[in-house]
Amino acid sequence: MSNRPLTHGLSRRQFLTFAGMTLAGGALSACVAPAAAPTGGTTETAASGLPFADKVLNILGAQHHTENIQKLWVPIFEEKTGAKVNWIEVAGGDADAKYAVMVAAQDSSVDTMYTWETFNAKYSRTLMEDITDQVDATIMDGLAAAPRAALNFLGKQYGVPFDSNMAIFMWNQEIYEAAGLDVNKAPESWTEFIANSKATTTDGRYATLFTMGDANSAFVSYISLFNSTGGKLFSDDLTAIQLETDEGLLAMQALYDAFVTEAIADPAGVTVASSIEQGKIFRAGNMAHYYAFPNHFALAQDPEQSQVVGKVQTGIIPGITLRSGSVNGFEGYSINRFSPTKDLALAWLEHIVSPEVQSMVALNWGRPPALTATFDEAAVIEKAPQFAAVKEQGQYPSPRYGSPFYFDVGTVFVEHMLSMIDGNVTPEEAVQTIQAEAQTFIEDYWAKAG
Amino acid sequence: MQQSISPTLESPERTTFWQRFHRMDEVKFGLLLLSPTTLILLIFLILPIGYAVTMSFQQIELTISPDRTWTGIDNYLDVATERAVRESLGRTLFFAALTIVISMSLALGLALILNESFRGRTPVRVLVMLPWAVAPVVGGVLWRYIFQSNYGLANALLYQLGFIEHYQVWLDKPTIALGIAAVATAWKTLPFLTLIMLAALQSIPEALFRAARMDGAGIWARFRFVTLPHLRNILIFSVVLQIIASLQTFDLIFTLTRGGPGQGTVVLSFLVFLNAFERLSMGKASALAVLLALLIIILGSVSLISLQARQPKS
Numbered sequence: 000m001s002n003r004p005l006t007h008g009l010s011r012r013q014f015l016t017f018a019g020m021t022l023a024g025g026a027l028s029a030c031v032a033p034a035a036a037p038t039g040g041t042t043e044t045a046a047s048g049l050p051f052a053d054k055v056l057n058i059l060g061a062q063h064h065t066e067n068i069q070k071l072w073v074p075i076f077e078e079k080t081g082a083k084v085n086w087i088e089v090a091g092g093d094a095d096a097k098y099a100v101m102v103a104a105q106d107s108s109v110d111t112m113y114t115w116e117t118f119n120a121k122y123s124r125t126l127m128e129d130i131t132d133q134v135d136a137t138i139m140d141g142l143a144a145a146p147r148a149a150l151n152f153l154g155k156q157y158g159v160p161f162d163s164n165m166a167i168f169m170w171n172q173e174i175y176e177a178a179g180l181d182v183n184k185a186p187e188s189w190t191e192f193i194a195n196s197k198a199t200t201t202d203g204r205y206a207t208l209f210t211m212g213d214a215n216s217a218f219v220s221y222i223s224l225f226n227s228t229g230g231k232l233f234s235d236d237l238t239a240i241q242l243e244t245d246e247g248l249l250a251m252q253a254l255y256d257a258f259v260t261e262a263i264a265d266p267a268g269v270t271v272a273s274s275i276e277q278g279k280i281f282r283a284g285n286m287a288h289y290y291a292f293p294n295h296f297a298l299a300q301d302p303e304q305s306q307v308v309g310k311v312q313t314g315i316i317p318g319i320t321l322r323s324g325s326v327n328g329f330e331g332y333s334i335n336r337f338s339p340t341k342d343l344a345l346a347w348l349e350h351i352v353s354p355e356v357q358s359m360v361a362l363n364w365g366r367p368p369a370l371t372a373t374f375d376e377a378a379v380i381e382k383a384p385q386f387a388a389v390k391e392q393g394q395y396p397s398p399r400y401g402s403p404f405y406f407d408v409g410t411v412f413v414e415h416m417l418s419m420i421d422g423n424v425t426p427e428e429a430v431q432t433i434q435a436e437a438q439t440f441i442e443d444y445w446a447k448a449g
Numbered sequence: 000m001q002q003s004i005s006p007t008l009e010s011p012e013r014t015t016f017w018q019r020f021h022r023m024d025e026v027k028f029g030l031l032l033l034s035p036t037t038l039i040l041l042i043f044l045i046l047p048i049g050y051a052v053t054m055s056f057q058q059i060e061l062t063i064s065p066d067r068t069w070t071g072i073d074n075y076l077d078v079a080t081e082r083a084v085r086e087s088l089g090r091t092l093f094f095a096a097l098t099i100v101i102s103m104s105l106a107l108g109l110a111l112i113l114n115e116s117f118r119g120r121t122p123v124r125v126l127v128m129l130p131w132a133v134a135p136v137v138g139g140v141l142w143r144y145i146f147q148s149n150y151g152l153a154n155a156l157l158y159q160l161g162f163i164e165h166y167q168v169w170l171d172k173p174t175i176a177l178g179i180a181a182v183a184t185a186w187k188t189l190p191f192l193t194l195i196m197l198a199a200l201q202s203i204p205e206a207l208f209r210a211a212r213m214d215g216a217g218i219w220a221r222f223r224f225v226t227l228p229h230l231r232n233i234l235i236f237s238v239v240l241q242i243i244a245s246l247q248t249f250d251l252i253f254t255l256t257r258g259g260p261g262q263g264t265v266v267l268s269f270l271v272f273l274n275a276f277e278r279l280s281m282g283k284a285s286a287l288a289v290l291l292a293l294l295i296i297i298l299g300s301v302s303l304i305s306l307q308a309r310q311p312k313s
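Here the protein sequences come in this chain order: A and B. Just so you know, we're using numbering that gives the first Met the number 0 here: the first sequence kicks off at 0 and counts up by one. Just so you know, we're using numbering that gives the first Met the number 0 here: the second sequence kicks off at 0 and counts up by one.
FYI, nobody ran anything at the bench for these hints, they're computed from the structure. Zero decoy hints are in this set.
The calculated label-pair distances, taken between Cβ atoms and stated as ranges, are:
{"id": "1", "chain 1": "A", "residue 1": "Ser188", "chain 2": "B", "residue 2": "Arg82", "range": "34 to 42 Å"}
{"id": "2", "chain 1": "A", "residue 1": "Asp53", "chain 2": "B", "residue 2": "Ala134", "range": "37 to 45 Å"}
{"id": "3", "chain 1": "A", "residue 1": "Ala262", "chain 2": "B", "residue 2": "Val137", "range": "30 to 38 Å"}
{"id": "4", "chain 1": "B", "residue 1": "Thr68", "chain 2": "A", "residue 2": "Gly422", "range": "42 to 50 Å"}
{"id": "5", "chain 1": "B", "residue 1": "Pro228", "chain 2": "A", "residue 2": "Ser108", "range": "57 to 65 Å"}
{"id": "6", "chain 1": "A", "residue 1": "Ala144", "chain 2": "B", "residue 2": "Arg82", "range": "39 to 47 Å"}
{"id": "7", "chain 1": "B", "residue 1": "Lys172", "chain 2": "A", "residue 2": "Thr238", "range": "35 to 43 Å"}
{"id": "8", "chain 1": "A", "residue 1": "Lys447", "chain 2": "B", "residue 2": "Ile45", "range": "25 to 33 Å"}
{"id": "9", "chain 1": "B", "residue 1": "Lys172", "chain 2": "A", "residue 2": "Gly449", "range": "35 to 43 Å"}
{"id": "10", "chain 1": "B", "residue 1": "Ala134", "chain 2": "A", "residue 2": "Asn183", "range": "41 to 49 Å"}
{"id": "11", "chain 1": "B", "residue 1": "Thr68", "chain 2": "A", "residue 2": "Glu261", "range": "46 to 54 Å"}
{"id": "12", "chain 1": "A", "residue 1": "Leu71", "chain 2": "B", "residue 2": "Ala134", "range": "29 to 37 Å"}
Using N, Cα and C, we set each Cβ at its ideal position, and we do this for glycine too.
Throw the hints in and build the complete structure from the sequences for me.
So, in structure tokens, the structure goes:
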């Protein structure tokens with residue numbers, strides 16, 4: 000390259016001026032406060048003497064919470080406390096990445112964030128504040144025991160649940176009628192479930208679908224059966240898996256029968272990872288019955304999303320050994336242990352289980368509330384008949400077995416359950432292999448965790 | 000009165016910044032122009048890569064503690080002995096090979112067709128470019144719906160045409176699911192490969208084809224002895240690009256199969272994600288990411304060298 004000085008075209012002065020202006024413009028725009036920054040109204044609230052006037056609460060909520068929590072619960076909270084809420088939304092699928100980064104960065108930009116049983120177990124040691132002695136005991140006592148326990152990890156409470164969302168049994172009355180079954184009666188045992196399933200499986204349509212599309216969905220499908228056997232998957236201290244038991248084998252055999260021996264479960268289930276997709280198949284009229292979350296009932300009544308409007312009935316899940324058993328999808332909120340305003344975050348946790356908000360959970364959102372008293376409100380009984388099944392279902396086990404090694408255990412489950420469905424191993428062999436491999440992961444974890 | 004010896008020594012002419020800038024030679028000015036890009040690459044590429052390499056030598060288990068401890072090459076040893084990694088490596092290589100074969104053969108065929116004159120060539124060229132405009136995530140969802148077992152297009156079409164008696168579950172077998180993922184990846188990269196091959200084809204002098212015809216060369220002989228030698232460099236370039244693209248594929252797998260059935264489509268890039276954001280083992284995920292980067296560099300270099308070595312000497 001020659002070393003000639005530039006002599007024409009854009010002068011260097013012009014170039015530098017332009018570059019400088021661009022940089023200055025960029026720097027200036029970066030300095031402008033974000034539009035969502037909660038700045039207004041603090042003067043007014045400060046004068047009102049409310050407990051948290053002038054304070055800002057940063058809530059990390061799930062995307063599917065925005066419609067109800069941000070729009071309905073947050074304004075009441077702001078009015079009650081004088082605080083301003085900065086709502087930060089995260090998509091369900093991105094939450095793990097977000098939380099992982101929060102742990103790594105010891106991020107204090109969020110005060111409270113949404114949680115559920117799996118997250119609770121995964122992040123309790125590194126991200127969530129122990130609130131065992133912080134939340135008012137009378138408030139916690141009013142909540143259903145199962146959701147409360149779901150956000151408790153090794154004896155310590157890390158979150159407050161706002162719902163008691165758990166799978167119930169849902170069936171298509173039209174398909175039942177066509178098969179000559181009682182349209183108002185759910186099967187009461189696994190044997191009856193198989194009989195009804197065989198009656199409603201026709202050429203080109205399977206009676207039901209168990210999701211097996213990924214580690215989480217396969218594990219949940221298994222656990223929903225296992226929980227009705229009376230079994231207990233982990234030891235109390237979470238150091239041992241207890242799958243190689245009569246109960247563990249019963250549930251595995253049931254799954255094998257559903258997919259292979261009786262062939263009543265849609266084989267497409269091995270590609271379905273979400274209950275949302277499962278619900279769509281049911282709402283298209285292509286499934287007789289399934290284990291469904293209660294909000295699926297409301298969706299099934301929506302003419303824009305359902306072809307089975309008015310044809311759906313709910314009950315409790317038919318059990319294998321016990322009368323019933325389910326798997327939970329409880330959600331709640333936790334406090335970020337790095338938050339500088341934990342007292343305000345605690346006020347939020349107490350707010351979400353207040354009677355006022357709990358009525359909204361049931362009436363506006365269509366989710367079963369966490370506060371047991373809300374089930375008995377006249378408006379709730381009238382507007383959400385499916386909650387009767389939820390209330391009854393709540394009497395039976397529904398743990399999801401969240402643990403810090405949830406992913407590894409789930410991966411082992413899905414691999415060997417699919418191998419069993421493909422006919423490569425027997426249910427006994429699947430149980431033995433899962434027991435051995437999952438135990439290795441558990442021991443590895445505790446070896447590192449101490 | 001004593002005069003000053005020299006005005007230049009006594010009071011040297013002061014040059015302003017602008018004057019110095021204006022007299023800057025081209026090398027320095029070139030470096031100045033490069034500096035913003037270098038800075039961006041440094042901040043957003045070099046530093047994160049360096050950080051990831053550092054993390055790969057640390058134990059970072061975010062379910063246990065945010066703290067990190069130096070563990071030397073332990074993560075690499077873990078990764079090297081883990082069954083999931085070995086299986087995933089096999090899948091990744093199979094997936095890459097399949098993607099390259101499908102995309103290269105289709106792209107070459109399409110480029111040859113589009114190089115010919117025929118009625119409606121322009122709309123066809125536009126149509127061929129369409130997949131390029133589709134975001135990978137959207138492409139994944141699209142292919143997922145095509146092969147959805149209950150209401151997917153593939154089943155509906157094949158059933159209507161009488162090729163299948165029942166709707167099929169397409170994504171329940173790892174090999175088939177991986178094959179569909181390879182087709183989807185090839186579909187996405189096809190437009191770019193076709194475009195560069197078409198450009199190369201159009202640069203071949205027409206006189207060569209005329210001369211070949213006069214020498215009695217048929218279609219195959221013209222393709223073998225005129226077209227292919229001229230495409231050699233672009234084919235090498237395309238293969239290397241495809242190796243890199245297929246080994247990096249993540250978004251499409253994530254939306255199409257989420258790694259399923261079971262772990263059947265968990266390729267290495269997806270395994271990095273699972274280790275980082277499901278297992279929260281950042282050290283191990285970083286070690287795996289470093290090894291994946293090395294694999295890409297090695298495979299890319301080997302292909303480049305071996306293909307160039309076959310190039311006939313002029």
